[in-house]
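Quick mapping for you: the protein sequence lines, in order, are chains A and B.
Residues 1 to 272 in my numbering are what the first sequence lists, from first letter to last.
Residues 1 to 311 in my numbering are what the second sequence lists, from first letter to last.
Treat the hints with caution; some may be incorrect.
Stated by the list, open to error - As a list, the in silico DSS-like pairs of lysine-lysine whose alpha-carbon atoms are at most 27 angstroms apart:
1) A:135 / B:107
2) A:134 / A:226
3) A:109 / A:96
4) A:134 / B:190
5) A:109 / A:49
6) B:50 / A:134
7) B:50 / A:228
8) A:133 / B:107
9) B:27 / A:135
10) B:27 / A:134
11) B:50 / A:135
12) A:197 / A:226
13) A:135 / B:161
14) B:107 / A:107
15) A:133 / B:190
16) B:50 / A:109
17) B:107 / A:96
18) A:107 / B:161
19) A:135 / B:157
20) B:190 / B:270
21) A:134 / B:270
22) B:161 / A:134
23) A:133 / B:50
24) A:49 / A:26
25) A:133 / B:161
I should point out that these hints are in silico values taken from the structure, not numbers from a laboratory.
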Amino acid sequence: MIKEIQKMANQMRKDALEVAYNAKGKSTHFGSAMSIIEIVATLYKGILKINPNNPLDENRDRFILSKGHGVLGYYTALAEVGFLKKDELFTFECSKSSLMGHPIQCKQKGIEFTNGSLGMGLSLGIGVSIALKKKNLDNKVYVLMGDGECNEGSVWEAATSAPHFELDNLVLIVDNNKLQLGGTNEEIMNNRDLRVKFEAFGWESKEIDGHNIEEIYNTLKQPNPKNKPVAIIANTIKGKGFSFSENNNAWHHAPMTEAKYKEALEELKENL
Amino acid sequence: MKPAQLRMFAKMGSRASFGLACVDLAKEIDNLMVLTADVSTSAGLERYRKSFPDKFLDVGIAEQNMMGIAAGLSSEGYEVITTTFAPFQTMRCCEQIRVNLGYMHQKVIMVGLASGVVLGELGFTHCAFEDIGVLRSIPNITIISPADCFETIKATKEAIKHNNSVYIRLTGGANADMVYKEDYDFEIGKAIKLKDGEKLSILASGTMVAKAMKIADELDANVYNIHTIKPIDEEAIIEASKTGYIVTIEEHNIIGGLGSSVAEVISKHKLQVKHLILGIPDAYTKAATYEDLLDEYGLTSEKIKKSIEEF
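For reference, chain B alone in the conformation it holds in the complex (with noise of 0.2 angstroms):
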């Protein structure tokens, strides 16, 4: 990968690239199906739906049906990507999640589009900052909120070959902030510490990975990319806790996402740590545009600084 392609996908948008990433893996895979609820433009797969008809399925708005379907094709051996806005993606069609995916274990690999609350001046019934929370306790489904539009299309190409169900939650907007200017490893459920630091350790997913990074050395601070929130990387969360200062952040409810999966490792391992939870307030607050909501929940990378100094 080129420098100048990682940039194009920043500017693109992390929708852009993950319709990308289906045509790489269309001219590779032959039985590969992609299934959206007429939302293939917002997708970025319109270039896509024209270079592969046959490997493209628009369900019409009607996402239960879409998860019945493709659990069905995923049953008769096909790779199945679902895709549409985070909320329907996941809440929308949750039993249908459940039953197929969970219980049945027929693999899917679901895309949500602009999770979090990037869509905030549409309203709160176009953001999702519930879904890891609801997601996360159905067995046999893997999480993953990739840091930037590189690492989205690593973990769609990574999901390919993974055993499981995956949800991929695509946060943030175009012109995207970067944090991978080169080539790296990338694997479900490792986490990727990004710099050193002493004095505490910030464990950050999605769009708040890049917001860390602008931080972390005026903290002093670790700074590890939790992009697999389920399963979460329990090694890495031992080993960041050893500066006695954990902070979590994410775009998604304080409640069951990133900041709880972390609590709960604290938990069960006895960790002597504290624990800083950053992310929206478990409310739906007056709609917004995405900068004005990320700077009322301090989401901000000055917000987020000043939270860590006041703890």
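Chain A extracted, bound-state conformation (with noise of 0.2 angstroms):
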């Protein structure tokens, strides 16, 4: 299983640096879509219940792609299962497309939810998490959220609110790349150790590497335990996987050049 994550990460992560490429000059949020490639490969490759050919099944498991920006590392793994045509991909931020650079709901593609305004994903998912509870469904909620996400008040009054509600259905995972649009955390607004916020709000908080696809795994293969929600704070890389991107945040929103594009294919052959 864990080979076939990798596999699967390694393709996401080439077809974000295709779709980037062709994008031609648009902003892609290049770096926050590699620092998840991971986990968004784990989860849909080895954890999520989904069925692509029902795409509305009740017995479903949720994702929720808080941080909206991600999105190149989001789409590449619903085609890579199958929800979208790989063709399809390469309408993104393209105009009138299902693929912008924000992920827009549609579940007939697999997305749960309209996000992009930071601090709303771990609501919606609250909501939803309530709701399967109520079905008597045992289908499990998981959010993913950026650390400088963690700036929005409306955050935190979400994370006040699942262990309240007991919601042992829900998962949160926090891709702490520690840098946001303007700087480092620290220099901007520094979140501080949010696996002991976390903690101190009432959840099961770890901590992990969020790179590390055999640890993502046997983490979200845990049950939460009982009536509480489970937060994963893991440790990424702010454009993982090339050497010009990585930890460099000018690629938060840079345009893929040609030159960047030929320099990335010659990396990944390399690593491949």
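Two chains, two separate frames, one set of hints: put the complex together.
Here is the structure:
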């Protein structure tokens, strides 16, 4: 399983690169997508109970990309598992496409909610978690949020309420890449220790390497403790996978030039 | 509905009437969820909370989270009503309303308690005379301002059947004026002509409908209850314009509410009509009691009549 997930992650990274290059000078939030590739690949390949042939199946797990700008690490996974056709990926950010720079709700294509305005996905996930419990469905809700996103006050309204409602069908993953648009978290707004914070809010709180697929998989495989939501702080590297973009915040939303694209292709070949 | 019941609603006020409507709805609708932000007592929901604990959720004083949870429940097929005081139900969580209800089109019924200036003595933090203006520019949200407590109940029940999200704006306090003394047909988006006159047409919403009714005969005025501010009933406005003189009255800023909506229709259809907009001036005045504020703003029946005569 771990090898299969790794294979999918590699493919997603390659597809994201192609799509970013195809977007010709448009902002693609490339770095923000690269940090979540392993997490999303693990969810879609190894964890989520989903069926692309029956996208509205009530008995499905729900995934919410709260950090909506990370879409290239999301659409590429939806294409890998069959919610999207590969060709469709190349309509990314084109006029009237379903696949814009932030996700727009389309359950048929596996996109549960519209996101992009930060700090809102966790509340949506809580609503869904409550609904699933009321329906007596044992499916789970996974929300992926950014660390910069944790600046938003609404995140903490939601963080307070999930343990209060005893949502043991809810898993939050924070992509802790330690960079946000204008600089490092420390410079812009210091989140301090997110694991400790979520623990203090009443969550089962864990910290992992967000690029170590085995660790991500094993952590996500564990059931929630009774009556508790789980928060996983995944330490990641923004722009992961390419030497020019790793920890380089210029790649928060830099366009993919031909030179960088070629450089990236070479690096991919070396790594595979 | 018996007349005695209608009198009881008026005595209780719009908030308690809303609470009763929820009790009725919960008996019929399995997947109803009513959410509040720690205002269950103020929203008249105590009986509801005790009778239907599984259909009730208090999210604490966290309106943004409330609207996100509401949208999540709606996405899973629940009929969702949210409620708190009007400024917090609309402006405190405006971005969640815009994205989740407007853009994403998840249906939620929002009930804004004590809108207008009924809580004037608490200061303008607890008043809402900006709410219609703020919400009216967000697509996919219907806005209703019931004229009395009976209409609050009707609007709540109709909103459940409606396709869009709905904002129900409750104005006035307990011992409210009654506009309706017997049952009538209420349809979202369709204004109701309450009185026939020849000299002018008064278009009013919320608490101002009852005030208009008191002076209609003396002024020989048509009176329309514009209970739905959005989508506005354009045909009713075209019909009303035939007197050559339209007066709009609202317990809301003169910018962005009923008056603005009617002016847009006059402009769109090139109606040849004079239009007087009565409402709350675009200013935070010194806070005062409800009665004193209405008097200051010229929103008593006597002062409304005077403004119309002087126009």
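Subject >> Broken hints, by number >> reply: Numbers 4, 15, 16, 21 and 24 - these are the hints that the structure violates, sorted from lowest upward.
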